[in-house]
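Novice: Spelled out from the first residue to the last, the chains are:
Protein chains: 2
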Amino acid sequence: MHILIIGAAGMVGRKLAERLAKDGHLGGREITKATLHDVVEPSAPAGAKFTSTTLASDFSLPGEVEKLVAGKPDVIFHLAAIVSGEAEQDFDKGYRINLDGTMLLFAAIRAIGNGYKPRVVFTSSIAVFGAPFPEAIGDEFFTTPLTSYGTQKAIGELLLSDYSRKGFFDGVGIRLPTICVRPGKPNKAASGFFSNIIREPLAGHEAVLPVAETVRHWHASPRSAVGFLLHAATMDTALLGWRRNLSMPGLSVTVGEQIAALRNVAGEKVVARIKHVPDPTIIKIVEGWPMNFDTKRARSLGFTSESSFEEIIRVHIEDELGGKIA
Amino acid sequence: MHILIIGAAGMVGRKLAERLAKDGHLGGREITKATLHDVVEPSAPAGAKFTSTTLASDFSLPGEVEKLVAGKPDVIFHLAAIVSGEAEQDFDKGYRINLDGTMLLFAAIRAIGNGYKPRVVFTSSIAVFGAPFPEAIGDEFFTTPLTSYGTQKAIGELLLSDYSRKGFFDGVGIRLPTICVRPGKPNKAASGFFSNIIREPLAGHEAVLPVAETVRHWHASPRSAVGFLLHAATMDTALLGWRRNLSMPGLSVTVGEQIAALRNVAGEKVVARIKHVPDPTIIKIVEGWPMNFDTKRARSLGFTSESSFEEIIRVHIEDELGGKIA
Chain A
1386 MHILIIGAAG
1396 MVGRKLAERL
1406 AKDGHLGGRE
1416 ITKATLHDVV
1426 EPSAPAGAKF
1436 TSTTLASDFS
1446 LPGEVEKLVA
1456 GKPDVIFHLA
1466 AIVSGEAEQD
1476 FDKGYRINLD
1486 GTMLLFAAIR
1496 AIGNGYKPRV
1506 VFTSSIAVFG
1516 APFPEAIGDE
1526 FFTTPLTSYG
1536 TQKAIGELLL
1546 SDYSRKGFFD
1556 GVGIRLPTIC
1566 VRPGKPNKAA
1576 SGFFSNIIRE
1586 PLAGHEAVLP
1596 VAETVRHWHA
1606 SPRSAVGFLL
1616 HAATMDTALL
1626 GWRRNLSMPG
1636 LSVTVGEQIA
1646 ALRNVAGEKV
1656 VARIKHVPDP
1666 TIIKIVEGWP
1676 MNFDTKRARS
1686 LGFTSESSFE
1696 EIIRVHIEDE
1706 LGGKIA
Chain B
1386 MHILIIGAAG
1396 MVGRKLAERL
1406 AKDGHLGGRE
1416 ITKATLHDVV
1426 EPSAPAGAKF
1436 TSTTLASDFS
1446 LPGEVEKLVA
1456 GKPDVIFHLA
1466 AIVSGEAEQD
1476 FDKGYRINLD
1486 GTMLLFAAIR
1496 AIGNGYKPRV
1506 VFTSSIAVFG
1516 APFPEAIGDE
1526 FFTTPLTSYG
1536 TQKAIGELLL
1546 SDYSRKGFFD
1556 GVGIRLPTIC
1566 VRPGKPNKAA
1576 SGFFSNIIRE
1586 PLAGHEAVLP
1596 VAETVRHWHA
1606 SPRSAVGFLL
1616 HAATMDTALL
1626 GWRRNLSMPG
1636 LSVTVGEQIA
1646 ALRNVAGEKV
1656 VARIKHVPDP
1666 TIIKIVEGWP
1676 MNFDTKRARS
1686 LGFTSESSFE
1696 EIIRVHIEDE
1706 LGGKIA
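Protein chains in written order, with my numbering: chain A, 1386 to 1711; chain B, 1386 to 1711.
Just chain A, same shape as in the assembly (with noise of 0.2 Å):
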């Protein structure tokens, strides 16, 4: 089978062609081609038994969605997007690539027709929520983004299930945790001393926490990310109905008890690399975020993610770590 990863250089789109080339089949069927995207060029997982195609440009212009799925990939991942800094700040180009770029995918594959009905999985994001919030957001709650990037995800979301439903091919949209913890050095994004706070003690480097220990948010680890992503490569489908989108689990804790799940696996000297420096802005920003979410009908479908925050912890120190503490 011949697999599409569009967004193949981001961290999830490289952990999923990773684990692609580690299993070397999707759903019981070998991979015999993978085809890697981005807007930089992806690399090629180290030890795949599949050839890999690596390829870079600007998926929203004209022709290039075409090129991509010309040869009629089985599963295609769409991962690629703007973030939801740089589409709040660069309207037009937001919208270019998380919309137009979307649509124009959509269309491609459609054009195709001759019975091509490629499985497509669109990563979405809880982005599509705004405040305020119930306790627990659940399945049904309706989508009031508040930024241009979770506006242009309900999009897709809604053109996904609009072109499950006419058969042109056959959808799962996932809508991501904040993915914690987050390799790699930290970012300037809002989110990012989610992982910070762990990742940077736990490799001997201090971090800075800029809001209350008692700001509560929701998160899944990388590895169960790329589970998602498989799962609804390959889950049957028909049990989803035309309500194509869901929110991925994942595991509601407070800052405070992230740090507490550190001290737990790591100990007090861990710990006191966290540096506690308020920052209004974020503060501010972290305020409008979903904290918590009931999402009974991702996990009666199969998806699953961690249960304990110590749990998201020892997934990154096995998988980045080599299993060591710093």
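Think of the hints as simulated: they come from the structure by calculation, not from any bench.
Be a bit skeptical, because a hint or two may be false.
Stated by the list, open to error - Below are the DSSO-like pairs computed for lysine-lysine, each with C-alpha atoms no more than 30 Å apart in a straight line:
id, chain 1, residue 1, chain 2, residue 2
1, B, Lys1502, A, Lys1478
2, A, Lys1407, A, Lys1478
3, A, Lys1502, A, Lys1551
4, B, Lys1551, A, Lys1669
5, B, Lys1400, B, Lys1573
6, A, Lys1478, A, Lys1570
7, A, Lys1669, B, Lys1502
8, A, Lys1478, B, Lys1478
9, B, Lys1669, B, Lys1709
10, A, Lys1457, A, Lys1400
11, A, Lys1551, B, Lys1669
12, A, Lys1669, A, Lys1709
13, A, Lys1709, A, Lys1551
14, B, Lys1551, A, Lys1573
15, A, Lys1478, B, Lys1551
16, A, Lys1709, A, Lys1570
17, A, Lys1452, B, Lys1478
18, B, Lys1573, B, Lys1452
19, A, Lys1452, A, Lys1434
20, A, Lys1502, B, Lys1400
21, B, Lys1502, B, Lys1573
22, A, Lys1478, B, Lys1457
23, B, Lys1478, A, Lys1457
24, B, Lys1478, A, Lys1681
25, B, Lys1452, B, Lys1434
26, B, Lys1573, A, Lys1551
27, B, Lys1709, B, Lys1570
28, A, Lys1502, B, Lys1570
29, A, Lys1478, B, Lys1418
30, A, Lys1452, A, Lys1669
31, B, Lys1573, B, Lys1669
32, A, Lys1669, A, Lys1573
33, B, Lys1457, B, Lys1400
34, B, Lys1478, B, Lys1407
35, B, Lys1407, B, Lys1570
36, A, Lys1478, A, Lys1434
37, A, Lys1551, B, Lys1502
What the hints assert, rightly or not - Residues from chain B that keep clear of chain A, each with C-beta distances beyond 12 Å, as calculated:
id, residue
38, Thr1439
39, Glu1473
40, Pro1519
We put the CB at the ideal spot given by N, CA and C, even for glycine.
Position chain B against the provided structure of chain A, taking the given hints into account.
Specialist: Only chain B this time, still in chain A's reference frame:
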């Protein structure tokens, strides 16, 4: 003030223009100019003190919406749409008019800039909701449309909110109930019978009822629809926050209750003109439609509609039949 109506040749658009002509003002400001647009040339309302310009074009073609907004109307009513059945049958045409047309209009308003920030009233639809439903659809129920028309309207709502949040215009989206009693000839819309069984008997003609009397649906009169539009055009939008789309109030009644109301208002002789001829296709379509809403939010914001089906029938007799029953 200058008012633009896009979709002015439709039933609701025409009644809106007539009401504006009769009132002569909107929200306490004198109307000096109306631009009336549709794909076929709308008629100018009789007796208006303001100047009416009537225009016909396909507003999804390049350059057309720019012409419509170039005069910087203070209020824009966007009622234009390909109806549900046609949008379902012709996927490309539905997306071109209902989605691309709306996107082009919003972009053209934004492109004017220089502080131009009109009130934009967008008519959405209860078709943004898809079965299965709760007993009454509340203000926070999710939008999972089961038609391309409903999808296009739900996307329009999201764009309206985002453009409003970004300050490009001041938008209000209103989800109209099924309009009953719809004047004119019986049409082939699946929902036509809800009006046919009232309008035709009152005019001395037979009407066909294709579903069981237990079928429940959500109604408001054409007069209420115009009232919703006027209130949306003049209300204080600060009260909406960024949740700019509202299900409009209506009346949830069964077909049996509609017929009982007709009997109360017009007598058994008129009711006897309704013929029961079950139509399996229509029975199936109607099963997926919303039956009841809880529109707390819209009511608290001052939107009002009829409180009995007798009242809906009397509005029809007053507004369309000059008070007379055949």
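Novice: Next step is simple, just say for each hint if it's right about the structure.
Specialist: Hints versus structure:
The straight-line distance between the Cα atoms of Lys1502/B and Lys1478/A is roughly 22 Å, inside the 30 Å bound, and the hint therefore holds. Of the pairs offered as hints, the one joining Lys1407/A and Lys1478/A is violated, with about 35 Å between alpha carbons and a cut-off of 30 Å exceeded. Restraint check for Lys1502/A and Lys1551/A: satisfied, since their Cα atoms lie roughly 11 Å apart, inside the 30 Å limit. At most 30 Å may separate the alpha-carbon atoms for a hinted pair to count; Lys1551/B and Lys1669/A meet this at roughly 18 Å.
Between the alpha carbons of Lys1400/B and Lys1573/B the distance comes to roughly 21 Å, so the proposed pair stays at or under 30 Å and holds. Distance check on the hinted pair: Lys1478/A and Lys1570/A sit about 25 Å apart at the alpha-carbon level, within 30 Å; holds. A distance of roughly 27 Å separates the Cα atoms of Lys1669/A and Lys1502/B; the hinted pair therefore holds under the 30 Å criterion. At roughly 26 Å between alpha-carbon atoms, Lys1478/A and Lys1478/B fall within 30 Å of each other, so this suggested pair holds.
Our distance criterion of 30 Å between C-alpha atoms is broken by Lys1669/B and Lys1709/B, whose separation comes to about 35 Å. For the hint linking Lys1457/A to Lys1400/A, the alpha-carbon distance of about 23 Å falls within 30 Å, and the restraint holds. Distance hint between Lys1551/A and Lys1669/B is fulfilled; the C-alpha atoms sit about 18 Å from each other, no more than 30 Å. With a CA separation close to 35 Å, the supplied pair Lys1669/A and Lys1709/A exceeds the 30 Å bound.
Taken as a hint, the Lys1709/A and Lys1551/A pair is broken in the structure, with Cα atoms around 50 Å apart against an allowance of 30 Å. For the given pair, Lys1551/B sits about 23 Å from Lys1573/A by alpha-carbon distance, which is consistent with the 30 Å threshold. Straight-line distance between C-alpha atoms of Lys1478/A and Lys1551/B comes to about 15 Å, which keeps the hinted pair within the 30 Å bound. Using a Cα cut-off of 30 Å, the hinted pair Lys1709/A and Lys1570/A holds, with the two alpha carbons roughly 18 Å apart.
Under the criterion of a C-alpha separation no larger than 30 Å, the hint pairing Lys1452/A with Lys1478/B is consistent with the structure, at around 25 Å. Restraint check: the Cα-Cα separation between Lys1573/B and Lys1452/B comes to about 34 Å, which exceeds 30 Å; the hinted pair is violated. At most 30 Å may separate the alpha-carbon atoms for a hinted pair to count; Lys1452/A and Lys1434/A meet this at roughly 24 Å. Taken as a hint, the Lys1502/A and Lys1400/B pair is broken in the structure, with Cα atoms around 45 Å apart against an allowance of 30 Å.
Restraint check for Lys1502/B and Lys1573/B: the C-alpha separation of about 39 Å exceeds 30 Å, so the hint is violated. For the hint pairing Lys1478/A with Lys1457/B, the CA-to-CA distance comes to about 26 Å; that is within 30 Å, so the pair holds. The suggested pairing of Lys1478/B with Lys1457/A holds, with an alpha-carbon distance near 26 Å, which does not exceed 30 Å. Distance hint between Lys1478/B and Lys1681/A is unfulfilled; the C-alpha atoms sit about 38 Å from each other, more than 30 Å.
The hinted pair formed by Lys1452/B and Lys1434/B meets the criterion: a straight-line CA distance of about 24 Å does not exceed 30 Å. For the hint pairing Lys1573/B with Lys1551/A, the CA-to-CA distance comes to about 23 Å; that is within 30 Å, so the pair holds. Straight-line distance between C-alpha atoms of Lys1709/B and Lys1570/B comes to about 18 Å, which keeps the hinted pair within the 30 Å bound. Taken as a hint, the Lys1502/A and Lys1570/B pair is broken in the structure, with Cα atoms around 42 Å apart against an allowance of 30 Å.
In summary, the hint linking Lys1478/A to Lys1418/B is not supported, as the alpha carbons are separated by about 36 Å, beyond the 30 Å threshold. As the CA atoms of Lys1452/A and Lys1669/A are separated by approximately 43 Å, the hinted pair breaks the 30 Å bound. Note on Lys1573/B and Lys1669/B: the hinted pairing holds, with a Cα-Cα distance of about 15 Å set against a maximum of 30 Å. This hinted pair checks out: Lys1669/A and Lys1573/A have alpha carbons roughly 15 Å apart, not beyond 30 Å.
Using a Cα cut-off of 30 Å, the hinted pair Lys1457/B and Lys1400/B holds, with the two alpha carbons roughly 23 Å apart. Our distance criterion of 30 Å between C-alpha atoms is broken by Lys1478/B and Lys1407/B, whose separation comes to about 35 Å. For the hint linking Lys1407/B to Lys1570/B, the alpha-carbon distance of about 25 Å falls within 30 Å, and the restraint holds. In summary, the hint linking Lys1478/A to Lys1434/A is not supported, as the alpha carbons are separated by about 37 Å, beyond the 30 Å threshold.
Under the criterion of a C-alpha separation no larger than 30 Å, the hint pairing Lys1551/A with Lys1502/B is inconsistent with the structure, at around 37 Å. Listed as a non-interface residue, Thr1439/B keeps its Cβ farther than 12 Å from every Cβ of chain A; the least gap is roughly 33 Å. A beta-carbon of chain A comes within 12 Å of the beta-carbon of Glu1473/B; the shortest separation is about 9 Å. Not every C-beta of chain A lies more than 12 Å from that of Pro1519/B, the closest at about 8 Å, which undercuts listing it as non-interface.
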